[in-house]
Amino acid sequence: MKEEIKTLTISIYTENNIGLLNRISAIFQRRTINIESLTTSQSEIENVNRFVIVVNITESQAKKIVGQIEKQIEVIRAYYHTDEETIYTESCMFKIKSKLLFEEPQIQNLIKDSNTRIVTVNKEFFVLEKSGRRNEIESLRRDLNAFGIMQFVRSGRIAVTKDEMKVTEMLAAFNNK
Amino acid sequence: MNTETVNKTKEVAEQTERITGAEAIIKCLMAEGVDILYGYPGGAIMPVYDELYKFRDQIHHVLTRHEQGAAHAAQGYARISGKVGVAMATSGPGATNLITGIADAQIDSTPLVCVTGQVPSALLGSDAFQETDIVGISTPVTKWNHQVTKASQIPEVLAKAFYIAKSGRPGPVLIDITKDAQFEEFDFKYEKCKGVRSYKAIPDTDPKSVTAAAELINNAKKPMIVWGQGIILGEAEAELKAVVEKAGIPAAWTILGASALPTSHPLNIGMVGMHGNYAPNKLTNECDVLIAIGMRFDDRVTGNLATYAKQAKVIHFDIDPAEINKNVHADIAVLGNSKESLALLLAELNENIHEAWHQEFKDLYAIEYDKVIKNDISPTKEGLTMGEVLKQINIESKGNAAIVSDVGQHQMIACRYSEFNITKSNITSGGLGTMGFALPAAIGAKMAAPGREVVAIIGDGGYQMNIQELGTIFQQKAAVKIVVLNNEFLGMVRQWQQLFFDKRYASTEMTNPNFVAIAEGYYIKARKVVKREELADAVKEMMESKESYFLEVCVEKEGNVFPMIPSGASVSDVRLS
Numbered sequence: 001m002k003e004e005i006k007t008l009t010i011s012i013y014t015e016n017n018i019g020l021l022n023r024i025s026a027i028f029q030r031r032t033i034n035i036e037s038l039t040t041s042q043s044e045i046e047n048v049n050r051f052v053i054v055v056n057i058t059e060s061q062a063k064k065i066v067g068q069i070e071k072q073i074e075v076i077r078a079y080y081h082t083d084e085e086t087i088y089t090e091s092c093m094f095k096i097k098s099k100l101l102f103e104e105p106q107i108q109n110l111i112k113d114s115n116t117r118i119v120t121v122n123k124e125f126f127v128l129e130k131s132g133r134r135n136e137i138e139s140l141r142r143d144l145n146a147f148g149i150m151q152f153v154r155s156g157r158i159a160v161t162k163d164e165m166k167v168t169e170m171l172a173a174f175n176n177k
Numbered sequence: 178m179n180t181e182t183v184n185k186t187k188e189v190a191e192q193t194e195r196i197t198g199a200e201a202i203i204k205c206l207m208a209e210g211v212d213i214l215y216g217y218p219g220g221a222i223m224p225v226y227d228e229l230y231k232f233r234d235q236i237h238h239v240l241t242r243h244e245q246g247a248a249h250a251a252q253g254y255a256r257i258s259g260k261v262g263v264a265m266a267t268s269g270p271g272a273t274n275l276i277t278g279i280a281d282a283q284i285d286s287t288p289l290v291c292v293t294g295q296v297p298s299a300l301l302g303s304d305a306f307q308e309t310d311i312v313g314i315s316t317p318v319t320k321w322n323h324q325v326t327k328a329s330q331i332p333e334v335l336a337k338a339f340y341i342a343k344s345g346r347p348g349p350v351l352i353d354i355t356k357d358a359q360f361e362e363f364d365f366k367y368e369k370c371k372g373v374r375s376y377k378a379i380p381d382t383d384p385k386s387v388t389a390a391a392e393l394i395n396n397a398k399k400p401m402i403v404w405g406q407g408i409i410l411g412e413a414e415a416e417l418k419a420v421v422e423k424a425g426i427p428a429a430w431t432i433l434g435a436s437a438l439p440t441s442h443p444l445n446i447g448m449v450g451m452h453g454n455y456a457p458n459k460l461t462n463e464c465d466v467l468i469a470i471g472m473r474f475d476d477r478v479t480g481n482l483a484t485y486a487k488q489a490k491v492i493h494f495d496i497d498p499a500e501i502n503k504n505v506h507a508d509i510a511v512l513g514n515s516k517e518s519l520a521l522l523l524a525e526l527n528e529n530i531h532e533a534w535h536q537e538f539k540d541l542y543a544i545e546y547d548k549v550i551k552n553d554i555s556p557t558k559e560g561l562t563m564g565e566v567l568k569q570i571n572i573e574s575k576g577n578a579a580i581v582s583d584v585g586q587h588q589m590i591a592c593r594y595s596e597f598n599i600t601k602s603n604i605t606s607g608g609l610g611t612m613g614f615a616l617p618a619a620i621g622a623k624m625a626a627p628g629r630e631v632v633a634i635i636g637d638g639g640y641q642m643n644i645q646e647l648g649t650i651f652q653q654k655a656a657v658k659i660v661v662l663n664n665e666f667l668g669m670v671r672q673w674q675q676l677f678f679d680k681r682y683a684s685t686e687m688t689n690p691n692f693v694a695i696a697e698g699y700y701i702k703a704r705k706v707v708k709r710e711e712l713a714d715a716v717k718e719m720m721e722s723k724e725s726y727f728l729e730v731c732v733e734k735e736g737n738v739f740p741m742i743p744s745g746a747s748v749s750d751v752r753l754s
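The listed protein sequences derive, respectively, from chains V and W.
Each residue of the first sequence is one higher than the one before, starting from 1 at the first, in my numbering.
Each residue of the second sequence is one higher than the one before, starting from 178 at the first, in my numbering.
These are calculated hints, taken from the structure and not from any lab test.
Just so you know, these numbers come straight off a predicted model, no measurement behind them.
No residue lacks a Cβ here, since even glycine has one placed at the ideal position from N, Cα and C.
Warning: the hint list may mix true and false statements.
[Unchecked claim] Residues from chain W shown here face chain V by an in silico Cβ test under 8 angstroms; the list is partial:
| no. | residue |
| --- | --- |
| 1 | R374 |
| 2 | A499 |
| 3 | K503 |
| 4 | V505 |
| 5 | A507 |
| 6 | Y542 |
My request is simple: use the sequences and hints to build the entire structure.
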């Protein structure tokens, strides 16, 4: 029986150390797994970083990978979750010629309808920012593409889980040992 | 001034001293109990070598002839002693030459601390002379690594390095130290590392898992143990013996588990794996409960996973949670240190004797003896066999030698036929299969345990991969016994070519030099044996020698190692010819 490949979000709590990104990405590279997106930031705990990595793999692959990630010295804890178990979003920016804003009234409707924010406007260009699911961003990109986009960039997924992740308690337990 | 302040000032003065980073490195090593380290100097590590000169009466630096030799020697030191092995090298090529040894230590869970020099921090990233990104290069093959650019970081980082290398599942750690950090002065104070907050060295053992395991074992009709190096690393030899004896369970070992239970123990049923013994391989697929202890179900052990022990309930004892369910599904996983978890298990086990089941192993052993072992160790045909050389070594060592083997046919023969009375006596490159391992590893082993007989068993191929270390043996007067089993082939590859590639011997035949003359060139006593009649005397002479000794035995050119599980086949399809 072939196991289903799913889009899974791997969340990793780590120390903030140089080289750790390399160590974590090497775990995926070694198993020829493509990283769809990767975001790192400060987490809810002071001086603890959080990686959010999106991959398309089976759950049994994910279990093993999470084990290998947790084995790294500076990793505090790693988890994987399905889309249903997380609240997630992506963010994107568009740079567009300013004259289109006035010449193409449809653009203004698109901005309003899609809940897109205007970040800045100057004589040459204006910049739009939108957060949302991949399909919303993609549909906006397609619509705006009809008028011409100077630059487009999309961030990796960020996600929080519906369930609690007891990292703070775990750290406290580590410290008391 | 009141007395309290005076005392306090004095205390601070005693606690710290102003020294350079280079001196601090040596003081850290000494504080960690390092008496011997292996290495090779060069530009970026010179300040440390200058301090080694100053402390030469307190810490012994062994100059190997290649950095790879230093890494393997440190491994040999660690494997026989259970202590952390230390290797040192300069930046660039010095550091990259350590990598094979580090990768070997990573896959065989050997505690190493490697210290490399690095170009001054101001030059990092500028493609400076002998600059290489050794932290980047070593990342996938180290348990931990770190670059130090300030002297003040040295004590904490080195303390952490030793703690991480040795604790939990051991492994290699590399610390890269820039030259400016070696020169910089700072207030030195050393404190041993007691823990790292993001790292739990030993997972908690769930008592319920132990009870469940005991219940399964107590009800088993055909239980079988396969133990690995986890017994040796966890120093759980006595606990293993007690478990095996109390529950009467036949017990087999992986290549790295060898010697944890004496060869002569009646319940020791031999080695599992590709060239392991017939009975434990076959009966892996007959047992009802498979108890794996401190082993990781390597593909060379399991053969085809789809047909591996499918009938059995599997209990897996391991210190590394990532090993559970990695290759083989565990019905019961017992996490933790083998010494503690086996002690807990022992208390819950019933006394038992599985006589009929044990007899099945004995019956299959008789078949293996008749078809393979007899011809290997007591051949009647012309042409020396590797097995009879090992038999002679056993006779002379009485099973008390440490056997350091390289990689290939001779390694399989050495592991199959060596008799072991003492633990930590089988030193070989198991996971990585590093040719060139044995000669330098034997140096490290001998220096760590000068009272023990250390015999390196090497093929003619692997010998020439680090043959330069004969220079180290000579300079250090390391009384290593070196046996080269010369078949003028890369024998294991040739065996595969014979069996699976229609005898197309592509680049496996070797035209060899005069090995005796080479050894004698290094002032090492040497002898060559080509006839069976000379063998016993030559082995005796070697083992009686107080100094290092080189023995070349010209063995049958196209001898094969059996039993054999062909790559990808099932353990039950183990072949005897």
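Cross-check of the supplied hints:
The interface hint given for R374(W) holds, since its Cβ lies 5 angstroms from the closest Cβ of chain V, which is under the 8 angstroms cut-off. Annotation: interface hint on A499(W) holds; nearest CB of chain V at approximately 4 angstroms, less than 8 angstroms. At about 6 angstroms, the closest approach between the beta carbon of K503(W) and any beta carbon in chain V falls short of 8 angstroms, and the interface hint on this residue holds. Using the Cβ-Cβ criterion of 8 angstroms, the hint placing V505(W) at the interface with chain V is not satisfied: the shortest such distance is roughly 12 angstroms.
At a threshold of 8 angstroms, the smallest CB-CB gap from A507(W) to chain V is about 13 angstroms, leaving the interface hint violated. With 8 angstroms as the threshold, the beta carbon of Y542(W) stays out of range of chain V, its nearest partner Cβ sitting at about 36 angstroms, so the hint is violated.
Consistency with the previously given hints fails for numbers 4, 5 and 6, ordered from lowest to highest.
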